[in-house]
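Asker: Going down the list, the sequences are from chains A and B. All residue numbers for the first sequence refer to our numbering, where the first residue is 1 and numbers rise by one. All residue numbers for the second sequence refer to our numbering, where the first residue is 1 and numbers rise by one.
It is worth saying that the hints were derived from the structure and are not from the lab. We put the beta carbon where it would ideally sit given N, CA and C, even for glycine. A portion of the hints provided could be inaccurate.
[Claimed, not checked] Looking from chain B toward chain A, a few residues come up when the C-beta cut is under 7 angstroms (computed):
| no. | residue |
| --- | --- |
| 1 | A54 |
| 2 | P57 |
| 3 | L59 |
| 4 | A138 |
| 5 | K160 |
[What the hints assert, rightly or not] Just a sample of chain B residues kept apart from chain A, beta carbon distances all over 10 angstroms, derived:
| no. | residue |
| --- | --- |
| 6 | G41 |
| 7 | D55 |
| 8 | N139 |
| 9 | Q201 |
| 10 | A208 |
[Claimed, not checked] Label-pair distances were calculated between CB atoms; the ranges are:
| no. | chain 1 | residue 1 | chain 2 | residue 2 | range |
| --- | --- | --- | --- | --- | --- |
| 11 | B | A25 | A | A122 | 24 to 30 angstroms |
| 12 | A | L76 | B | R46 | 42 to 48 angstroms |
| 13 | A | A145 | B | I28 | 35 to 41 angstroms |
| 14 | B | A29 | A | R41 | 31 to 37 angstroms |
| 15 | A | W110 | B | A122 | 55 to 61 angstroms |
| 16 | B | A65 | A | R41 | 37 to 43 angstroms |
| 17 | A | G78 | B | R61 | 48 to 54 angstroms |
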Amino acid sequence: VSASVRRWGPWLVLAVVLVAALVVGARPKGGPESLDDHVRRVASQVRCPTCDGQSVANSDADASQAIRQDIHDRILQGQSDQQILAFIVSRYGRGILLKPPASGFSGLVWTVPVVAFVLAVAGLAVAFRRWRARPGAVVSDADEALVQRALGNPS
Amino acid sequence: VTAVADPPVDAPGPDPIPPRRRHTARWIAVCTGVVVLLFAGLLATRKPADRTRADSPLLGRAAPATEGPIVGGAAAGTATPGTATLSSLSGKFVLVNFFASWCIPCQQEEPVLKAFDARHTATGDAAVMGISYGDTAANVRSYMSDHGDPWPVIDSVKAKVDWGVRGVPESFLVDPSGVVLFHFVGAVKAADLEGALREAQAAQQAAAPHS
Numbered sequence: 001v002s003a004s005v006r007r008w009g010p011w012l013v014l015a016v017v018l019v020a021a022l023v024v025g026a027r028p029k030g031g032p033e034s035l036d037d038h039v040r041r042v043a044s045q046v047r048c049p050t051c052d053g054q055s056v057a058n059s060d061a062d063a064s065q066a067i068r069q070d071i072h073d074r075i076l077q078g079q080s081d082q083q084i085l086a087f088i089v090s091r092y093g094r095g096i097l098l099k100p101p102a103s104g105f106s107g108l109v110w111t112v113p114v115v116a117f118v119l120a121v122a123g124l125a126v127a128f129r130r131w132r133a134r135p136g137a138v139v140s141d142a143d144e145a146l147v148q149r150a151l152g153n154p155s
Numbered sequence: 001v002t003a004v005a006d007p008p009v010d011a012p013g014p015d016p017i018p019p020r021r022r023h024t025a026r027w028i029a030v031c032t033g034v035v036v037l038l039f040a041g042l043l044a045t046r047k048p049a050d051r052t053r054a055d056s057p058l059l060g061r062a063a064p065a066t067e068g069p070i071v072g073g074a075a076a077g078t079a080t081p082g083t084a085t086l087s088s089l090s091g092k093f094v095l096v097n098f099f100a101s102w103c104i105p106c107q108q109e110e111p112v113l114k115a116f117d118a119r120h121t122a123t124g125d126a127a128v129m130g131i132s133y134g135d136t137a138a139n140v141r142s143y144m145s146d147h148g149d150p151w152p153v154i155d156s157v158k159a160k161v162d163w164g165v166r167g168v169p170e171s172f173l174v175d176p177s178g179v180v181l182f183h184f185v186g187a188v189k190a191a192d193l194e195g196a197l198r199e200a201q202a203a204q205q206a207a208a209p210h211s
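Just need the whole structure built from these sequences, with the hints factored in.
Answerer: So, in structure tokens, the structure goes:
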């Protein structure tokens, strides 16, 4: 018993500590979301209009600051996140959202990778099946002699 | 190049490549060539980018209510510059111009805007309203004063988002009833601007021939 404890004990302790740390770290913060956090959460879904690949939440461009201010004001007016995002889209167009919508033509962005993955797996399965050694392949004497010669075995 | 109908008869190998496979590379080359040619054709036949007219979700819709403190241009020098509103200009076409004094294309389009403003202030059918973008009030003030303070310039953070402005310069042509008709991105050209106004006025005439 002591040998197995000595062997597995440290791993067990490590696992317990890891799980505990993950649980503590992943637990949502208590209390209501602050206004700043709320603004950041909405702003992180909006693309900075002037800079590539950044969200409004982490860009200091003039347009981003204006949009953050607008989100801030609209939250204070009691608008929902959906209303705020719909307003921004109504002024900048759909491309302003970082996450493309899951419906209509843009929905392809979400479905094409899944379909491609399924097709690729299916294709590989078919290919592997085909590549499996065919039973009943007959080796002619001439081929066998060729191999033996190549291996340096005199026939 | 003559079509290769039959593969040349080589020394018979132990495992000849099936003829089906021999054309794969050629097919890929032909398809790639066709796609490249189509793409080149598409690019070559597109309208040249010498027009600054741009799309906007606002086109055809009511202009956002726009107002703000006057920070430069006309009336800025008075003791109480006060505020300017877009709606106070209704009844005329209005060119809403987002600009900054540090922006080179804005400086390039300034003479065009000034000529437009001078011509249409005289005829009374159009006006210009400036909105400062990413600029200090002091810089806007001296920039506009250098250009003769032709029109009022307001400051409004809200307007940037309300109009969906991405950078400077951007301009919008608003009709007398307050509907956004045209959107210009980049330094606007005189021909584009006057052309857009003429187009809008012609449409207005056609809609109400008695006026």
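Asker: For each hint, tell me whether it holds in the structure or not.
Answerer: Verification of the supplied hints:
1. A54: At about 11 angstroms, which exceeds the 7 angstroms cut-off, the nearest Cβ of chain A leaves the hint on A54 (chain B) violated.
2. P57: Holds, because the Cβ-Cβ distance from P57 (chain B) to chain A comes to roughly 5 angstroms (cut-off 7 angstroms).
3. L59: violated, 11 angstroms
4. A138: Since the shortest Cβ distance to chain A is 17 angstroms, the answer is violated.
5. K160: At 4 angstroms from the nearest chain A Cβ, K160 (chain B) passes the 7 angstroms test, so the hint holds.
6. G41: holds, 24 angstroms
7. D55: violated, 8 angstroms
8. N139: Label holds. Min Cβ-Cβ 14 angstroms, cutoff 10 angstroms.
9. Q201: holds, 27 angstroms
10. A208: holds, 29 angstroms
11. B:A25 - A:A122: 24 to 30 angstroms: holds, 26 angstroms
12. A:L76 - B:R46: 42 to 48 angstroms: holds, 45 angstroms
13. A:A145 - B:I28: 35 to 41 angstroms: holds, 40 angstroms
14. B:A29 - A:R41: 31 to 37 angstroms: For R41 (chain A) against A29 (chain B), whose Cβ atoms are near 51 angstroms apart, the range 31 to 37 angstroms is violated.
15. A:W110 - B:A122: 55 to 61 angstroms: For W110 (chain A) and A122 (chain B) the Cβ distance comes to about 56 angstroms; the hint holds.
16. B:A65 - A:R41: 37 to 43 angstroms: Since A65 (chain B) and R41 (chain A) have Cβ atoms about 28 angstroms apart, the given range 37 to 43 angstroms is violated.
17. A:G78 - B:R61: 48 to 54 angstroms: Because 24 angstroms falls outside the window, the suggested range is violated.
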